[in-house]
Every structure is written in C-alpha cells, then in structure tokens.
Amino acid sequence: MARTNSKGLGRRKVLKGAVGVAGALAGTTLGAPTIWAQATRNITLRQIGTGVSAINEIAEKCKADLGITLQMTALDSDAVVQRVVTQPNSFDIGDIEYWMCKKVFPANTLQAMNVKKIKYFDKIVPIFTSGKLKPDSVIAQGTAPNTVSFVEGAGSTKFAKGQTEWFTMIPTIYNADTLGIRPDLVGRKIENWKDILDPRFKGKTSILNIPSIGIMDAAMICESAGIVKYGDKGNMTRAEIDKTIDFLIKTKKEGQFRAFWKTFDESVNLMASGEVVIQSMWSPAVTAVRAKGIPCVYQPLKEGYRAWGGGLSLAKHLQGAQLDAAYEYINWYLSGWVGAFLNRQGYYSAVLETAKANMTEDEWGYWMEGKPAKGEIKNPQGVVMEKPGAVRDGGSFYDRMGAVSCWNAVMDEDRYMVQKWNQFIAA
Amino acid sequence: MNRINVWVTYLQVAPLALVFLLFLVVPIVTIVVVSFFDYNTTQIIPAFLIQNYDELLSSPVTWQTYLQTLQFAAITWAITLVVGFVVAYFLAFHVRSATWQTVLFLVCTIPFWTSNIIRMISWIPFLGRNGLLNTTLIGMGIIDRPLEFLLFSPFSVVLAYVHLYTLFMVVPIFNSMMRIDRSLLEAARDAGATGWQTLWNVVVPLCKPGIAIGSIFVVTIVMGDFVTVRLMSGGQSASVGLMMMNAMSLLQYPAAAANAVILLLLVLLTVAAMMRLVDIRKEL
Chain A
17 MARTNSKGLG
27 RRKVLKGAVG
37 VAGALAGTTL
47 GAPTIWAQAT
57 RNITLRQIGT
67 GVSAINEIAE
77 KCKADLGITL
87 QMTALDSDAV
97 VQRVVTQPNS
107 FDIGDIEYWM
117 CKKVFPANTL
127 QAMNVKKIKY
137 FDKIVPIFTS
147 GKLKPDSVIA
157 QGTAPNTVSF
167 VEGAGSTKFA
177 KGQTEWFTMI
187 PTIYNADTLG
197 IRPDLVGRKI
207 ENWKDILDPR
217 FKGKTSILNI
227 PSIGIMDAAM
237 ICESAGIVKY
247 GDKGNMTRAE
257 IDKTIDFLIK
267 TKKEGQFRAF
277 WKTFDESVNL
287 MASGEVVIQS
297 MWSPAVTAVR
307 AKGIPCVYQP
317 LKEGYRAWGG
327 GLSLAKHLQG
337 AQLDAAYEYI
347 NWYLSGWVGA
357 FLNRQGYYSA
367 VLETAKANMT
377 EDEWGYWMEG
387 KPAKGEIKNP
397 QGVVMEKPGA
407 VRDGGSFYDR
417 MGAVSCWNAV
427 MDEDRYMVQK
437 WNQFIAA
Chain B
72 MNRINVWVTY
82 LQVAPLALVF
92 LLFLVVPIVT
102 IVVVSFFDYN
112 TTQIIPAFLI
122 QNYDELLSSP
132 VTWQTYLQTL
142 QFAAITWAIT
152 LVVGFVVAYF
162 LAFHVRSATW
172 QTVLFLVCTI
182 PFWTSNIIRM
192 ISWIPFLGRN
202 GLLNTTLIGM
212 GIIDRPLEFL
222 LFSPFSVVLA
232 YVHLYTLFMV
242 VPIFNSMMRI
252 DRSLLEAARD
262 AGATGWQTLW
272 NVVVPLCKPG
282 IAIGSIFVVT
292 IVMGDFVTVR
302 LMSGGQSASV
312 GLMMMNAMSL
322 LQYPAAAANA
332 VILLLLVLLT
342 VAAMMRLVDI
352 RKEL
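Listed in order, the protein sequences are those of chains A and B.
The first sequence: position 293 = 309 (our numbering), numbered continuously.
The second sequence: position 273 = 344 (our numbering), numbered continuously.
Since the hints were derived computationally from the structure, they do not count as laboratory data.
Treat the hints with caution; some may be incorrect.
To give a feel for the contact side, a few chain A residues facing chain B, derived at Cβ under 8 Å [to be verified]: (1) R274; (2) Q439; (3) A442.
To list a few chain B residues with every Cβ distance to chain A over 10 Å, as calculated [said to hold, decoys possible]: (4) N76; (5) Q142; (6) W184; (7) L204; (8) I209; (9) L222; (10) F239; (11) N246; (12) L256; (13) A264; (14) G266; (15) V332; (16) I333; (17) V338; (18) R352.
Cβ atoms here follow ideal geometry from the backbone N, Cα and C, with glycine treated the same way.
For reference, chain B alone in the conformation it holds in the complex (with noise of 0.2 Å):
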C-alpha cells in the first residue's frame, strides 16, 4: 500500500473513530476519573482516593445486591434463552412460506411499538391481589385465597424481565438459524440422525454466534436495569443501578462512578467469557 492509500484509509475511519471518542471514550474516563474523586454533602473535590471503592467493596449489602443483580440476570438468560430458541426455531424451519415468516416475525415485534414501561406496568393489574389472574382462579375455584407470590416478588421481576427482553434472543438465534444451509440438516436425517440428534449436533452449534448475540443483550440489559426492579419488585428488591440511583440523589457521584466502574468491569468479564465459548466474528 503506498502513503496516500493509508492516509485515505485513516481518513475513512476517522468520523467514526471521533464518535466513538467523544461518546464513548470520553465519558467512561470521566467517570472512572471521577470515582476516585472526594466528596461531601454539596460538593465533590478532586482529589485521589480509593476510599469510594474501600466503603464500596466492603460493604456486605454490596456483595448482597450484586449477589442479586447475578442472580436475576442469570435465571432470566436461561429463561429467555430457552424460550427465544424455540420461538426461533418455530419460525425458522417449521413455518414453510417465506410471507408468514415475515409477517409472524413482525407479531413478536408489536409489543416493541409501546414503551417499556407501559408493557410493565401492565402487568401490575393483571397479577395484583385484586387483579385479572386471582380473581378467575378464584372463580374456577382453583384456589380459595389470591395468591400473593404473583406481584412485588421476585417473580413478577423475572416475568417481566422475560416479557420484555426475549425478543433480543429471538432476533439473533432467528438470523442464525436462517443460514443454516438446509441440506445439512437432510444430510443428518440421511445419515440416520434422530430429531434430537439433528438439533443437538448441527442446528445449536450453528447457532452459537446468534445465542452469544442475544445473551450478551439480554445480560447485560438486566445487569444495568433499575426500573425493572423497582417497579415489579414494588421497592422490596434492590439491584446495582437502583444502588446508583440512590447515590446520584444524594449528589454522591463519586460513590455512584466508583460503583458504575465496577459494574462495567463485571459486565465486561461476562462478554469476554461469552466470547471465549464463541468467536463472534469467525462464525459470522
């Protein structure tokens, strides 16, 4: 290549590389800058102090809620996992004409059209003591007192969890699983492959890359969420970003970067253990 190529080369980067410093870049430093910085009630000094991370890792109520944020991000992965598979795998090689596909894809997709928290609030009547479920239970006679487990508890969080995000599983596994050459699949049969062994041996580990897509979207989501939580959890859970949130109102950035810093490095370490299992980019 001479000097001119390698000047045009870096002139085509360059727009995109200045965003990613700007937008990017920029604010992660500051923030990590900022999470060694001293504060008090009104203000925060610059300084270089480790004690934001000191009071922040010794606290067992830390360890508790990111015991919990791992916790409600691991069981709603699997959820969503096993669920976004199968809706994938429905679409994908059982439906036959390339129009229903289409238009049955765009059905998983309407609910996206209204905002998050509209779809999650939603379901705050629907479980609630009074609400839609206990009541016709009730009136089946399938149980004689509302069943109190369905709303603020930690199940009412995964199910929203679950609700709102298996669709970026369904999205990737669903584009993966579209590449699939299908003779593949009537060479397994040929060799005399059961359904199972089919599924089990060629389509998951084609699908690899779109399952490591989608989980990454999925956990890192639910690692970073805070309204999902408070909301479904009706304030009775804590997780990482409502422990920020509290921070921030109380002008306590320095503890509130301290805590996105460690965060971001917990996020980080689960990507690049996905990324191990899974070469993006050698599968694509």
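Here chain A stands alone, though its shape is the one from the complex (with noise of 0.2 Å):
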C-alpha cells in the first residue's frame, strides 16, 4: 500500500483498493499483461448502470483478468439519467441507454473517448459507427445509436454528423424487441403489432409504462392498425402525438388493457399468472416466463422490431491512472469472454468475432445463427434453458438486427410528449 500510495494515488483511492487485495493476491497476475497492468493492480471503478447489464460475474472476472476492482449499483434507467446529470462525481463508469445519451450527454459530465485507444474498434458492429448492419440497410427510425456515438472533438458535447475521433459510448449489449404472447391461450396466429388490439383479447392485454419507449411500442401499433402515418416515429410531430395518445385513451376506456408494467418483474407476472395474453416485452421476460414452464413466445411480426441499446462512457473526472484503468476495462470488455457472456443471455455484444472465439460452435449457431441447437442450451450460469433441437425466436442475429424498423427515442417534443402520456394514464 505504501508502494501505491507513493505513485501518487489519493488516500481514498488506497483504502478502496484495500478492499479488494485480499481477493486479488490469489490469482490475478495470470490475467493478461498489458503495459498498464502494473499501475491498475489497485485501481477501483465505480460503475452506474441498469439492472440488465450491471453483472456480478463480470465484476469477479474483471478482477481477476485485470486486477480492476468493479462496484457496479444497479439503479433503473431514470435513475441513472438523475445521477449522470446530477451526481456525475459519485461514479466512473455510467452504462447508459443509447435514446438517454441524447438527453445526458449534452450535460457535459461524461467525456468522449479517443478511438485510437479502443483496440477493436474497427470491429464494433457497423450499427453502432455507420448506422448500417450491412452496406445495404437503411438506417431505422428513432434514436439510431450511430446518430449519438461521435462528437465532434475532444470535450465537445455537440454530437456529430459522421464518424470523428470522439466516441461517446461503447456499445455493451442491445435487442431487437416486439410482442410477447402466451401460445396456450391466443389461440389464432400473431403476425402484426395490431394483433393487440383484437378484441378476442380485450382485457388481455398490456402495454409498458415508459413514456419513452411506451410511445414507441404504440407507435408500432398504431401504424400496424393504420391509424396514424408517421413521418419519424421517433420524433413525432404534436399533431402525431396527439393523435397517438387518443387512439391509446380511446383504447383505454374501452377495456383493451388490463395493466401497464413498469419493471421487469412486472411483466413477468403478468403473462405467468395469465393476467395477460399479448404484451410488450424484453427478451429476457420471455425466457424469465419459460423458465417456469409456462410457454411464452416472443413473437416475430411483419412490421419488424423496436430496438435499444446500451453503451459504456466515462465520467468527466476521469484522468491519469484511473482513466488508463477504463480503456483497459472497455479493451478488456470487448476481448470477448463478455461478448460470450451476453450473447448466452440472448442480448447481442458489440464485437462479434472475439465473442465467437469465446463460444461453441453449437452456442453460436443456436443463439447468433438461428441454427437449431444440436445439444443443451445453457444460460451463463449453467443452468439449462433449452433442449436439442430448440430454435431461437425471430431467427438469426442479421435476422432480427436487420429487420429493427425502429430504436427507443427521444423527440424534440419530449415535454409534450410526457404531458400527453399522463394525460393517457390519468383518463
């Protein structure tokens, strides 16, 4: 500790570290040696992110392959968006949402990292830099990630138009989302996003309430229905608004709905007790469900996926030793054991190649190629999820990626937005 102390570390900095040497005197000096290895024995990161990324295994990992010690705190997404704004010195790394980066990062208390740093950048799905999964694609609605990733210069919080030197967030992982339904009480086939709005299933059904994606989710149906032509569905017009959210009232008062969810957990329930038959849904809820032996489905529709995605950015305070510690840390986190990781939760990692090498060729054919799996399927923690033979809902990574019409969003006219959204859940 003297040692450190004498580099020129603060004290806190010390007794931080203090916590964790014990633990990492057994094994560490096996992980890979980088010139920065030395220095970050003892270095501490404070990580801030959502429940659906801030991973337990990834910290012990971490630790052991670096030497970097890990506090993640697991807040929800308003949450983290309070504290980059208004706490940006209680963390280090913040693990934002891509259509929240919009909102925080004009802030100015996170930094943009120099690409130069980042070993496999040129690696990171295309989605991310160019915007197009392949040279073809058209680039979807809403918050497109690319359109948030650069700045235009060190320190700069103006958001650029093409590919710079300043990147905001390394992608972590992101989804391709759309309706869950129970294929034990539908009882017809689901292949659009109006489906919800059958009256079959009155009273079975829900929506998320997040103003933010919510609105996104409705847009999807209301398009589906041809109730509304939207322009950009993630930066509707007032009058689009508008007419949106009385679509959703008028649905409303006639029983559509039979609750809005806010959590996770939430939507769980929901659909295991049968409470509803068609919702929205993340990915990992349908699996949640499954696992207790209840079928659920997370259902393919024609008009294609509402997509999201979060990334890691550093705190503005972030400088010498410690901000040599988080390059090493997003290096490290883009190597591939992660990328493995999270692809074997059915979210996708940003780096495909090094998150193969880490994963059986039967894992990556089951969860990245749409392949049917030739034996178990096991979860990260080993606990086995599918049987042989089973095949991924919506197909292959170039299968759901490639058909995102649009991501999660924030609009010009947020304020109005969110005015009209209560207005929907107070009628």
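Mind docking these for me? Both chains are given alone in their own frames, and the hints should help you get the complex.
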C-alpha cells in the first residue's frame, strides 16, 4: 500500500483498493499482461447502470483478469439519468442507454473517448458507427445509435453528423424487442403489431408504462393498424403525438388493456399468471416466463422490431491512471469473454468476432445463426435453458437486427409527449 | 423569570429547533424556491417564473389526478375509520383482561413486521384472474367466469390502502378509548341510555382526538402515496405522487417541486380543517 501511495494515488483510492486486495492476491497475475497492468492493480472503478448489465460475474472476471475492482450499482433507467446529470462525481463508468445518451451527454458530465485507444474499434458492429448493419441496410427511425455515437472533438458535447475520432459510448448490449405472447392462450396466429387490438384479447393485453419506450410500442401498433402514418416514429410531431395518445385513451376506455407495467418483474408476473396473453415484453422476461414451465413466445412481427441498446461511457472527472484503467477495462470488455457471456443471455454483444471465439460452435449456431441447437443450451450460469432441437425466436442475428424498424428515442417534443402520456394514464 | 432562566430555556429548546430547521424548514424552503426555477432537458436554471404553476394548474390532467387522489383519500378514510373504530371498540370494551388486550393488540401489529410492498404484492396472486379467490368462487359454483374488477382496478387500490393503513386508525382511537373513565359509561346506563345512545353521546365525543389523529395519518399518507396506486391499479390510475415521479424521472425537478408545493398546501388545508373540528391539544 505504501508503494501505491508513492505513485501519487489518493488516500481514498488506496483505501478502496485495499478492500479487494485480499482477493486480488489469489490469482490476478495470470491475466493478460498489458502495459497498464502494474499500475491498475489497485484501482477501483465505480460503474452505474441498469440491472440488465450490472452483472457480478463480469466484475469478478474483471478483477481476476485485470486486477481492477469494479463496483457495480444497478439502478433503473430514470435513476441512471438523474445520477449522471446531478451527481457526476458519484461514478466513474456510466452504463447508459442510447436514447438517454441524447439527453445526458449534453449535460457535460461525461467525456468522449479516443477511438485510437480502443483496440477493437474497427470490429464493433457497424450499427453503432455507420448505422448500417449491412452496407445496403436502411438506417432505422428513432434515436439510432450512430447518431449519438460521435462528438465533434475532445471535450465537445455536440453530436457529430458523421464518424470522428471521439466516441461517446462503447456498446455493451443491445436487442430487438417485439411482443410476447402466450401461445397456449391466444388461440390464433399473431403476425402484426395491431393484433394486440383484437377484441378477442379484450382486458388481456398490456403495454409498458415508460413514456419514451411505451410511445414507440404504441406507434408500432398505430402504424400497423393504419391509424397514424408517421414521418418518423422516433421524432413525432405534436399532431402525431395527439393522434397516438387519443387512440390509446380510446382503447383504454374500451377496456382493451389489463395493466401497464413498469418493471421487468411486473411483466413476467402478468404473463405467467395469465392476466395478459399478449403484451410488450423484453427478451429475458420471455425467458423468465419460460423458465417457470409456462409457454411464452417472443413473437417476430411483420412490421419489424423496436430496438434498444446500452453502452459504457466515461465520467468527465476520470484522468491519469484511472482513465488508463477505464480504457483497459473497455478493451477487455470487447475482447470476447464478456461478449460470449452477454450473447448467452440472449442479448447481443458489440464485437461479434471475439465473442464467437469464446463460444462453442453449437452455442454460436443457436444464439447467433438461428440454427437448431445440437445439444442442451445453457445460460451463463450453467442452467439448461433449451433442449436439443430448439430454435431461437426470430432467427439469426442478421434476421433480427436487420429487421429493426425503429430505435428507442428522445423526441424534440419530449416534454409535450410526457404531458400527453400522463393524460393517457390519468384517463 | 430572570434572565438566566430564559437563556436556559432557549438552550433546552435549541437542539430540537435546530433539527427541525435543518431537516424540515430548509428542505421545504428549497422546494418552494426550486418550484419557481426554469428548466430544460438537462439543466435547472435559477429564475423566478410562475410558468411551472401555470402549466400545472391549467392542465385538465392535474385536476383529474387531484380529484382521483382526493377520492381515494376520502373512500379510504371512511372505510378505515369505521373498521378502525370497531376494532378499537372491541379491544377496549369487549376484551376484559388486560393481558388479552395486549395480546390482541400485538396481533394487529404483526403484519407490520413485513414490508409495505410485500403485503401489497401478496394481494396480486390472491385477486388475479386465475387467483385464489376467483378459483375458489368458480369451484364453489358461485360465479361462472372470473371477476375482473378484483385486480388492477380502483377496488384493489382501496383494498390495499385499507389493509395497509387501518392500524393507523386503530392505535389512536384505542388509545383515546382506554382513557375514557368507565364510570361515565355506567352513569349513562344508569340514566337510561341505550347502547347506541351511550356510543354516540359518550364514547364517540370522547374519542374525537383519537379519530382526528388517525384521520390525519391516513389522509396524509394516502395523498402522498405513489407505490400502492401504481402496483395495485396496474398502472391504470394516476395519483399526484406518480405525477411527481414522472416529472422527476425526466429531470423536470421544478415542475415536480411546484406540484409538491400544491399538494403540501392541500394537505395542510385538510389537516387545518380537521384541527378546527377537534382541538387536539385541549382534549389530550
């Protein structure tokens, strides 16, 4: 400890580091030696983020490989935004969703990172850099990640139109969302977003009550039913918002919805208990319902998916050895072990190549290529999730991410939209 | 009183006064000040605007939500009052032995050993479409299809409130009842009063302070609540607390502060009205 002190690290950091030293002594030196390895041994990085990506296994592996102690704090999306804007010194790494980035980055509490220091930058899935999954893809509506991925220069908070050297966030996990259904209870084929309006499901449907995301699901439904034609679902005009909300209120009054959920658990319970048979859902929630032995399908729909993604960003105050450690953590994050871990959860990771190297051929085939599983498919904790022969809902990575029709978004008329959304809930 | 005595008194009051100043007055003043600030997506800008209040009070959503919140408060108050009074009456006058009184009183408090949320959530599997109650009723042949209004409705919200907050009525009313001199009841009977007359003319007036304190508890808690409404209505109903939560989650602190000030005023007015009916200090 005395040695670390002489290198100029503050007393506070040393104390923090000391907490993990005992564990670190056991087996850290086996990790990949990098030029920073010596200096970062006792550094602690405080990471805040949503529950989906604040995973203890990642912190443990990071400690073992790099010697960096990660303190994960899991918050809900709203709390992350509040922390980043109002308490910027309370964290070092912010795990932020792309649509929030548009709100948060201009607050000037985060710093962009230099792409030259990111080893696998060129291998990151192009959705996050050019916006196009394949060279001929059309960029989806909403806050597409590439529109908030670059700023104009070091220290700038202005998003750049094209690619620059300054990257705002390293993508961690992303996915394409659709409706979840109970195949045993719906009793018909579900093909479109508008099927949630079928009178047969009266009082047995739900959408989520997080305004910025709920409005997007509502837009997919309205567009599918031909009620509103949007210029850009991710950036509606006041007139489009009015029409969407009026339609929602009418549907609510007619008793089509059973509930509006706000947390992961709520959505799982609604589905598992049979309160609803079709609702907006998140992929791991579908898995959670299935894990209870209840059939549940993450139904691909003709109009495509509503996508979301999160990324790691650096707090403004990071500098010196801590900043180096943060870069080292990011490079490690993209080097494969974490990617494989996330892919096995049903999410997608940023660098496919390195993740593939950390998965078996069968795992890769099932999760990423839409092939039937040859053996049992296990989740990251080793629990069997699928039996041989199972195929993933929605097919391969390219089938799913290639069919994204919009991204979760922050609209210019954000404030107005929230007012109208409150009206919908109060109606 | 001489000069030194005055100083001693001040010194004795000082710790509590400081605590109140620091943890009650300062936060409230801050909220009032912030409620006049301006804001945009990422910043709170010091200013003096009445726009926050204007936007709040001119929106029909606000009025609807306040009305709904008041409705919940009124219904919950009425039910908890009746239930609370009956329970307290039973404990105070029907249970003769002091030991049993204590035991039964403790039984009332046992549910409070678990968290609010757990007690609330436990209703969901009970009341659900395929829940215990519906399955039982169908099994007994009383109904042929599940009752949908049981869950995610105003009914379930009020039910949860009554379940959670009746004890706040029971305790102060029980306390008042225990102070009633039993010879007054005997005197009433000797004077020829019926049971109802005794209850209405002797017991109820003497319980007023307890009723007032219980009412203040229940009404203020229900008006500020946001968790129960959200969970038990399945997000179908709004409340003032939820409105504030929504505003805060979008970093619209000044708007939330303005709403908080209005709610505070409303609650203070309600409490003041109750205090006018019953002078708690005189009766204690």
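Now for the hints, and whether the structure bears them out:
1. R274: 6 Å, holds
2. Q439: At 5 Å from the nearest chain B Cβ, Q439(A) passes the 8 Å test, so the hint holds.
3. A442: 4 Å, holds
4. N76: For N76(B), whose nearest Cβ neighbour in chain A is about 47 Å away, the distance exceeds 10 Å, so it holds.
5. Q142: Non-interface label stands for Q142(B): nearest chain A Cβ at 12 Å, farther than 10 Å.
6. W184: 23 Å, holds
7. L204: 13 Å, holds
8. I209: For I209(B), whose nearest Cβ neighbour in chain A is about 14 Å away, the distance exceeds 10 Å, so it holds.
9. L222: Given that some Cβ of chain A is not farther than 10 Å from that of L222(B), nearest at about 7 Å, it is violated.
10. F239: 27 Å, holds
11. N246: Nearest chain A Cβ is 38 Å from N246(B), so the label holds.
12. L256: For L256(B), whose nearest Cβ neighbour in chain A is about 49 Å away, the distance exceeds 10 Å, so it holds.
13. A264: The claim holds: A264(B) sits with its nearest Cβ about 49 Å from chain A, beyond 10 Å.
14. G266: Holds, since 46 Å exceeds 10 Å.
15. V332: 18 Å, holds
16. I333: Consistent with the label, I333(B) stays out of reach of chain A, its closest Cβ about 15 Å off (over 10 Å).
17. V338: At roughly 20 Å from the nearest Cβ of chain A, V338(B) sits farther out than 10 Å, so the non-interface label holds.
18. R352: Given a closest Cβ separation of 39 Å, the condition holds.
The structure fails to meet hint 9 from the earlier list, while all remaining hints are met.
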